Structure formats: structure tokens, C-alpha cells
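Enquirer: Chain by chain, the residues:
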Amino acid sequence: DAGITQSPRHKVTETGTPVTLRCHQTENHRYMYWYRQDPGHGLRLIHYSYGVKDTDKGEVSDGYSVSRSKTEDFLLTLESATSSQTSVYFCAISELAGGHTGELFFGEGSRLTVL
Amino acid sequence: AQSVAQPEDQVNVAEGNPLTVKCTYSVSGNPYLFWYVQYPNRGLQFLLKYITGDNLVKGSYGFEAEFNKSQTSFHLKKPSALVSDSALYFCAVREAGGGNKLTFGTGTQLKVEL
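Protein sequence lines correspond, in order, to chains A and B. Mind the numbering: the first sequence is residues 1 to 115 in my numbering, read in order. Mind the numbering: the second sequence is residues 1001 to 1114 in my numbering, read in order.
Any given hint could be a false lead.
[Claimed, not checked] Incomplete in silico selection of chain B near chain A, CB under 10 Å: (1) Gln1006; (2) Tyr1032; (3) Lys1101.
[As the list claims (entries may be wrong)] What the simulated footprint calls covered on chain A by chain B, stretch by stretch (three residues with Cβ under 8 Å from a Cβ of chain B suffice, anywhere in the stretch; the number is not a length): (4) 19–28; (5) 38–46; (6) 63–75.
It is worth saying that the hints were derived from the structure and are not from the lab. Bear in mind that the values here come from a model prediction, so they are computed numbers and not experimental data. Heads up, the beta-carbon is just placed ideally off N, CA and C, and yes, glycines get one too.
One chain only, chain A, in its complex shape:
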């Protein structure tokens, strides 16, 4: 299994509070991603990173920010959580160099409930 750790794995919070989810990888892969999974929507990309300090928005980026200060860590922040952000969040990593062909490897997910 790819070395990807998400924390926390479960979190319950209240509307209006800030939340940070952490993704840590030990594979030294260049690309990192945050997806959310919701019934009927599959996986939707929130933000992704193509290197340290290099990030870009995905399909559903409103209300979320990210930071990547080190290759191994990618943080997802909800500045002021809303009930619509209740979801399961997945971190993924990938690499195109060194013979890799770009498939994503996923973490185990972080279940967030916003009351």
C-alpha cells in the first residue's frame, strides 16, 4: 500500500468553526490531491498540488484552501465550516516521472460532520 496517512480520520465540528485536514505521504510523489466523496456525485476534486507551494483549484474549491510547504504534507482547510461540507475527504498522490504513469493512490479518507 502507498504510504499515505490522513488525519484526523473522523471529526465532528460545528458550523462556523475552522477545520484542517492533513495528508502525509512517504512516497515522495510530486502530485497531491484533495477530493470529496458524496452520494450521487462520486469523487469531486477540491484542490490539487503539482509541487511545493504550487497548488490549483479543482471543481469544488469554494470554501476550501490548501497549503503545501513540504513535499510530504498537503493540508486542506475549511476556514468556516458549513453543513454542506459534511463529506468524506480523500487525499491522493501520483507521479509521472521515473516510470510512473500517473495513476492516483488514495488515503483511507477523513469523515467530517458539520453540525
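For chain A, the structure is supplied; the task is to place chain B on it using the hints.
Expert: Chain B in isolation, oriented as in the chain A frame:
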């Protein structure tokens, strides 16, 4: 914009019978296509990919997928289903341009019954 459609929310099949999970795609340029499987309360696991070459791609756990350019399809198949294959399956397509971003379908729940 690229997109993936999985027309069936659920597929039911008897153990031992062949299974097919359908996927169609829309993308500019050459498609890079992927299948993933998700077991309950787990992350997605990579099954197989089509980048170039043979239209029939073999992957993990006996699964294979057939790329059909004229029908813009990439259906997942297995000759003989197992109860343990029951899971949620996602098709994905890589976007044109840089960044290696994948767009996922909405998923198909596969249920294999005895």
C-alpha cells in the same frame, strides 16, 4: 471539458457469471482511462489503466477492461464474478494538459450474489 459517465448506479450478478460495469467518456485528445474499486469505509484502490496500445487491458484481481475508441467506452469486465468482488467501482479519465488531474464518474455499486 472532460467527463465520465457510468450509466448504471447498481449492477447485480450471480457468482460465477461474467460481469460488465459500463463507462463512457468524453475528452479532448487521447484519453487516459482508469478503473478504481472501493470497499466499504476504505479508500479507492487502483485496478487498471489504459494509456496506449492494446485495447484490452488486464488488471488486478482478474479484472480487464476494453477500450473502444469509436464508442468512447471503457467497460470493466470479469469472466467469472466472485462474492468478494462486491464493491463500488469508479471509472476515471485524465484531463488534457498538465497537472495529472483525474475526473471520476459517479460510481457503480456491484453486488455479486450466491
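Enquirer: Evaluate each hint against the coordinates.
Expert: To see whether the hints hold, each was checked on the structure:
no., hint, verdict
1, Gln1006, "holds, 8 Å"
2, Tyr1032, "holds, 7 Å"
3, Lys1101, "holds, 6 Å"
4, 19–28, "violated (count 0)"
5, 38–46, "holds (count 6)"
6, 63–75, "violated (count 0)"
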